[in-house]
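Which chain is which? The protein sequence lines are A and B, in order.
Using numbering that gives the first Met the number 0, read the first sequence as starting at 0 and increasing by one per residue.
Using numbering that gives the first Met the number 0, read the second sequence as starting at 0 and increasing by one per residue.
One or more hints might be untrue.
Stated by the list, open to error - Simulated crosslink set (DSS-like; lysine-lysine; CA at most 25 Å straight-line): (1) A:420 with B:417; (2) B:192 with B:95; (3) B:872 with B:933; (4) B:743 with B:345; (5) B:95 with B:463; (6) A:425 with A:148; (7) A:187 with A:310; (8) B:417 with A:374; (9) B:417 with A:376; (10) A:157 with A:334; (11) B:95 with A:121; (12) B:450 with B:422.
Claimed, not checked - Quick list of simulated restraints, FRET-style, between CB atoms: (13) A:377 with B:169: 52 to 62 Å; (14) B:242 with A:377: 51 to 61 Å; (15) B:244 with A:358: 53 to 63 Å; (16) A:357 with B:260: 39 to 49 Å; (17) B:653 with A:358: 50 to 60 Å; (18) A:44 with B:809: 27 to 37 Å; (19) B:940 with A:389: 53 to 63 Å; (20) B:653 with A:338: 28 to 38 Å; (21) A:357 with B:535: 45 to 55 Å; (22) B:759 with A:71: 33 to 43 Å; (23) B:205 with A:357: 24 to 34 Å; (24) A:357 with B:387: 23 to 33 Å; (25) B:654 with A:343: 29 to 39 Å.
It should be emphasised that the hints constitute simulated quantities derived from the structure, not laboratory data.
Note that the structure is predicted; figures quoted are calculated from it, not measured.
C-beta atoms are modelled at their ideal positions from N, C-alpha and C, and glycine is treated no differently.
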Amino acid sequence: MFWYLLLLWGGISAVEVQRPRGVPLSKRPFYEENKPFTCLDGSRTIPFDRINDDYCDCQDGSDEPGTAACPNGNFHCTNAGFRPTFIPSSHVNDGICDCCDATDEYNSGAECQNTCRELWRKEKESMQKLAEIAKEGFLLKQQLIQEAKRGLEEKQTKLGEVQNSKKDLETNVEALRTAKEAAEQPEKEAKERHLKELLGGVDKVNTAAFETIWSKIREKYVSEVRTQTPSSNTDGPAPVETPQEEVREPVSDNDSEPYPDDDIPEEEDEDEDEDEDEDMDDGDYKVTGFDYILECLPIFTKSLFSSAAQKARNEFEEAERALREVDDQIRNLEKEISFDFGPSSEFAYLYSQCYELTTGEYVYRLCPFNRVSQKPKYGGSETNLGTWGKWAGPEGNVYSVMKYEQGTGCWQGPNRSTTVKLTCGKETVVTSTSEPSRCEYLMEFTSPAVCQEAPDLEVSDIHEEL
Amino acid sequence: MVPVLVVWLALCLSGTWAVDRSNFKTCDQSSFCKRQRALKPGESPYRALLETMELTNTRLTLQLINDNNKVRLLLELYRLQGNMTRVKINELKPLKPRYEVPDVLVREPPTEPLSVLSQDENGVVLSLGVESQRVIVSAQPFRLDIVEGHNVLMSLNSRGLLAFEHLRMPQPLRRYGAQPLHLPGTTKEEEEKVEEGMWEETFKSHSDSKPNGPSAVSLDFSLPGVEHVYGIPEHADTLRLKTTDNGDPYRLYNLDVFQYELYNPMALYGAVPVMLAHNTQRTTGIFWLNAAETWVDISSNTAGKTVFGKMLDYVQGSSETPQTDVRWISESGIIDVFIMLGPTPKDIFSQYASLTGTQSFPPLSSLGYHQCRWNYNDQEDVRSVDAGFDEHDIPYDFIWLDIEHTDGKRYFTWDPHKFASPKDMLQGLKDKKRNMVAIVDPHIKVDSNYKIHNEIRSRGFYVKNKDGGDYEGWCWPGNAGYPDFTQPDMRAWWASMFSYDQYEGSMDNLYTWNDMNEPSVFNGPEVTMHKDAVHGSWEHRDVHNLYGLYVHRATMEGLIQRSGGVERPFVLTRAFFAGSQRYGAVWTGDNAAEWDHLKISIPMCLSLGLVGISFCGADVGGFFKSPSPELLVRWYQTGAYQPFFRAHAHLDTPRREPWLFGPENTALIREVIRQRYTFLPYWYQLFYHAYRTGEPVMRALWVEYPQDPATFAVDDEFLIGRDLLVHPVTEEGARGVTAFLPGKEEVWFDIHTFQKHNGAQNLYIPVTMSSIPVFQRGGSIIPRKLRVRRSSACMEHDPYTLFVALNTRRTAEGELYIDDGHTFNFDNKEFIHRRLFFSNNVLSSVNVAPEAQFTTKSWIERVVILGASKPRKVTLITAGKLKTAVCNKENKVFNVGCSFQVVLSVLHEQCLKEAPVFRVKIYFALFLFADGHKSQLDFDFDASVSVLTIRKPSMNAGEDWSMALQ
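Kindly produce the complete structure, drawing on both the sequences and the hints.
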């Protein structure tokens, strides 16, 4: 009664193989009819009639391959016409159809249809579709790799060129510096004279000016602090509509710039210039000097800045700026060249690009290797969901997942972060976003760069893989 | 759920994680509590006017007079069936009616006659009818003593703290002439001192207009010989109540307390005004039926004797006796107190159950594992979590949706984007025999485009504010109205909203969760409703603690009605009151992922069990904050052995589905959830028992070992029913726990190793992360289903394994209860209820409900006998076809040709009250001669632990059978 006909899946050849219910063909030799059965873990030997007698005798569950008796057993669905599979014994006769050939529900009253062929047809279709995509994607990927290679070469060439031009520029800067210093000599002398006169008369601190400057500094400081702290309403409870809105995030102001140069922000450059002018560390002195400069600058400009010196200075500064630009270029090039764009740099094309997905409430924006952000559809400030962290796929498939970290901090929680899962597609598109856990986002992203060599459409290969 | 986000923010800034105590009143800030607590003992102004005494067949009435203001009270005294006494005190002629709590008692309690034994000018002695129980009424000062033999069981007003603030005309009326009605029973002597807070009271920015003025009631109870009192949940405190002399009284006022603190008497979400008092001789109970804000003071000292009648002197015990004094103070209503006289803990449970009903019998599936989170984001999220359980081979029965599933916090609706096709989602779960719970809170968004709101408004069903308009407060949806659930027609309408045609997207596997029903009002005083809000003719003040019960009830009725009265409902509530057990499950609210919160889950649920609410659980993992993997695993291990087993987490916490903490932790959690499922037959049978008797499912040790003082304060372990002892590991990094195994005569078997331990000892148990110290009592038989599947419903037809744990007399007893698991058909006798017992080496199954009819496909696949010796052979005798034979009642016992089943049934009835051994001997004799079908069974014997495993006896679980070990 425990025997039945087995149709080999695929329906190519029908072979009659007798074996106890739930046993895969590969294990059939262990179940020899009418001979004592030794549990597959070797723990004990039992009479053959105790196989599939709905009582668990073997600790490994091997005596009950076709019933639910053992807690750790497995049932083999032959699934003729589709792919054979194992299901846990606990799914046998539980009233839920698990095997597409309906063999798991032989005694539960559940009316299961054999859906194997239908499943196979559907799977074949989707496999074919996937295979097509993979095939085309893989072709695209080859192009991408070529492009990346070319791009890399170009960049390297460019880098060499720029590095060469840097040398010229450096020479130029030095020359101009000398010229500038020479031109400035008379001016410098005059300036020193002035300074002596003016500073000589100012030994006491201008307290009013100090207060003004200090209050400005303070204001700046305070306003910065304020934007980072959620405002609180301590006067009794005032409801907040939804928890998502309870904390206003600080506004990020450079959303359109794909690659803010994280090493030297522009503003900082300007600051540095100023700092150079007032290279002073003593507070009082600083105030006095600042005040002095404020008051006296017009005089200097009018009386002291000789046009020759000014010209030399301008030229020098021009050259210096050019040098700095070249430095930036070199840095950017080096950064891009050294970036991990995948084994064949196939992801390089994503650099400097951004991809958007609009959902019911938000516009999500993924700028690969840079950052992920979210902006309310109907106005409101943008939230940083993480900046580029690393490739974070599982071992052997590291380039299947991107991790963006250290986004805007969550109230009482971690900084926002985003995991981007990459799948093979002809197009480069963000297909979905979700927030499975508070402040931890998940993005699905398709790109040809992830496509693998188009699998052989031979069905068996797909089966093994799955 | 979090109450006030603003508070939350404030907390964030101050960097603390604790309740903001300033949001909640102390006794001093609650004017009536302050007034009442200021009264000095021993100065009672109340005198009994014995000449007004009237005794009818059912009750005694007597007037009391307050000698200070001459206000008269009416005392009613009832002797109730089942060894209870009811004492009611109201104003003789109140200015207007005072609130008497309706709908909590299941019926008007039946009375027994009282009789006067003796009477003189000092008092009256009444007989309570049984066991030389008497009530002594002392006249001046008024006092009641309940006496049995020579023992005073309980005294009322023995400290003279009876206080009854009579209703009076408001101040302006008095001042401006309009001569108040000359109240009968009052005189001009009535010159009440007006104290602050009597006519108006403010708390923080909230003002309570108190149009009725002061109305508090208070009474003290002395419990001679008592050192242990329990109950009056809900408090995050030890099982044994503490004295309150040096702090605030225990408070009973349903409140949404944000991030509650542990080990203090602050009020929480629910209130059951029932206290149990216990010593080795007796258990008694006090049920203070009042739904207003209530405070309970407990003090303990040596009995202080005051002067009273000689009758009392005669019976009074030694002055050495320890004594506990208790005092109840309520803001309004009347004094209506039920004194339950035990004498055993189980008598108390049945007495209390006779008053307020028993635990509803839940669907079997609701005893499985519940997966909850605020929130599962959308249908895809639900689908993938559901799939995750299958992928990791973890069973579960319910997945839950919190408030975010709705369309803008409009209950009974679905978010159109995230839950666009709820029926598809529900069908997907149903295909796997699983269920869902969606939240329905009682606050209703004020929005003219919202059908529910419009209907409630147009029908006038909202609670009104003091000025007569609809009361509005802030809650999740923003501005919200609060339906007046105290009105029966409102409840009926609400219930009708759960019908499938009204609640769009609902299906029969969708159940309900009532949260925020204290009610929670974010911008109300103490985060709840203003006391001067109006429910029909009563103030919110009068009904506050009942509100949550009514919400729960109306919802439950809705779920019953939608199935035409066929299917059992499942509704979880956060707020509750006495009687809430009739409507479903409760949980301990918004706890936190901290070890102390894990620990407190035990006494909190034990306390609820003592007052009838068996279906209790705490959020596994802790609601606020994020548990370490160790804490999470330990919490699963604890929660799996508590009645309501649900994991839940706050919106802001990282995901914590069981498989997110690495394969080792996944395996640990899988194992313990599977253990839970193997015990489902036992849980189910215990809930059936709780439904029938009111006995708690999760039990304090002292309930089963009432004479062993060592058990009286134990609250780090507990019993499930009588037969399983659980000592969860609740310490971080624990290497071992010390479990107290109760009972001098008992032996206990480790359910995992089958190792045997003697009772009455502290046993040190080394533990690893996989250890859950659980013991089966020797002398018990526990049916389990070891084939764990995806959900409880998938296991319906699976076979049982009987775990027979032998005691020192080598006997054991247990039960097996089976029905369809989800309908009310059990009420029509569609169930199987069998008694299993082992004695003289024979294990038998006997029908204890022969009148009941039910068939099951389940069979007995295995019998495991713990503490057994090795038999030569094991013989199974089944009734076979004899079942149909007709039996003559006259020759029932010894006519071996008679129907086996009928013989057994009759025998059982006859012998039930006999000693088990005797009974079993008869059976044994019978079995040897019975003309049943006999077969030899295979078995394994493990001599190292003395465990006998009998292989595949295969009889149907509903059949009569016996099994002889020879």
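Consistency of the hints with the structure:
1. At most 25 Å may separate the alpha-carbon atoms for a hinted pair to count; residue 420 (chain A) and residue 417 (chain B) meet this at roughly 21 Å.
2. At most 25 Å may separate the alpha-carbon atoms for a hinted pair to count; residue 192 (chain B) and residue 95 (chain B) meet this at roughly 21 Å.
3. At roughly 12 Å between alpha-carbon atoms, residue 872 (chain B) and residue 933 (chain B) fall within 25 Å of each other, so this suggested pair holds.
4. Distance restraint check for residue 743 (chain B) and residue 345 (chain B): the Cα-Cα separation of roughly 20 Å lies within the 25 Å cut-off, and the hinted pair is therefore satisfied.
5. Restraint check: the Cα-Cα separation between residue 95 (chain B) and residue 463 (chain B) comes to about 20 Å, which is no more than 25 Å; the hinted pair holds.
6. For the given pair, residue 425 (chain A) sits about 20 Å from residue 148 (chain A) by alpha-carbon distance, which is consistent with the 25 Å threshold.
7. At roughly 15 Å between alpha-carbon atoms, residue 187 (chain A) and residue 310 (chain A) fall within 25 Å of each other, so this suggested pair holds.
8. Restraint check for residue 417 (chain B) and residue 374 (chain A): satisfied, since their Cα atoms lie roughly 19 Å apart, inside the 25 Å limit.
9. For the suggested pair residue 417 (chain B) and residue 376 (chain A), the alpha carbons sit about 17 Å apart, so the restraint of at most 25 Å is met.
10. At roughly 13 Å between alpha-carbon atoms, residue 157 (chain A) and residue 334 (chain A) fall within 25 Å of each other, so this suggested pair holds.
11. Between residue 95 (chain B) and residue 121 (chain A) the alpha-carbon distance is near 76 Å, which puts this suggested pair outside the 25 Å criterion.
12. Restraint check for residue 450 (chain B) and residue 422 (chain B): satisfied, since their Cα atoms lie roughly 20 Å apart, inside the 25 Å limit.
13. In this structure the hint that residue 377 (chain A) and residue 169 (chain B) lie 52 to 62 Å apart at CB holds, the actual value being about 53 Å.
14. Judged by the Cβ atoms, the range 51 to 61 Å given for residue 242 (chain B) and residue 377 (chain A) holds: they are separated by roughly 59 Å.
15. Taking 53 to 63 Å as the suggested C-beta distance range, the pair residue 244 (chain B) and residue 358 (chain A) conforms, at roughly 60 Å.
16. Remark: the range hint 39 to 49 Å for residue 357 (chain A) to residue 260 (chain B) is upheld by a beta-carbon distance near 46 Å.
17. For residue 653 (chain B) and residue 358 (chain A), the Cβ-Cβ distance of about 22 Å falls outside the hinted range of 50 to 60 Å, so the restraint is violated.
18. As the Cβ distance of residue 44 (chain A) to residue 809 (chain B) is approximately 33 Å, the hint placing it in 27 to 37 Å holds.
19. A C-beta distance of roughly 59 Å is found between residue 940 (chain B) and residue 389 (chain A), which places it inside the suggested range of 53 to 63 Å.
20. Taking 28 to 38 Å as the suggested C-beta distance range, the pair residue 653 (chain B) and residue 338 (chain A) conforms, at roughly 30 Å.
21. For residue 357 (chain A) paired with residue 535 (chain B), a C-beta distance near 51 Å keeps the hint of 45 to 55 Å intact.
22. In this structure, residue 759 (chain B) and residue 71 (chain A) meet the distance hint of 33 to 43 Å, their C-beta atoms being roughly 38 Å apart.
23. Taking 24 to 34 Å as the suggested C-beta distance range, the pair residue 205 (chain B) and residue 357 (chain A) does not conform, at roughly 45 Å.
24. Between residue 357 (chain A) and residue 387 (chain B) the CB atoms are about 29 Å apart, so this pair conforms to the stated range of 23 to 33 Å.
25. Against the hinted window of 29 to 39 Å, the Cβ-Cβ separation of residue 654 (chain B) and residue 343 (chain A) comes to about 35 Å, which satisfies the hint.
Of the numbered hints listed earlier, those contradicted by the structure are 11, 17, 23.
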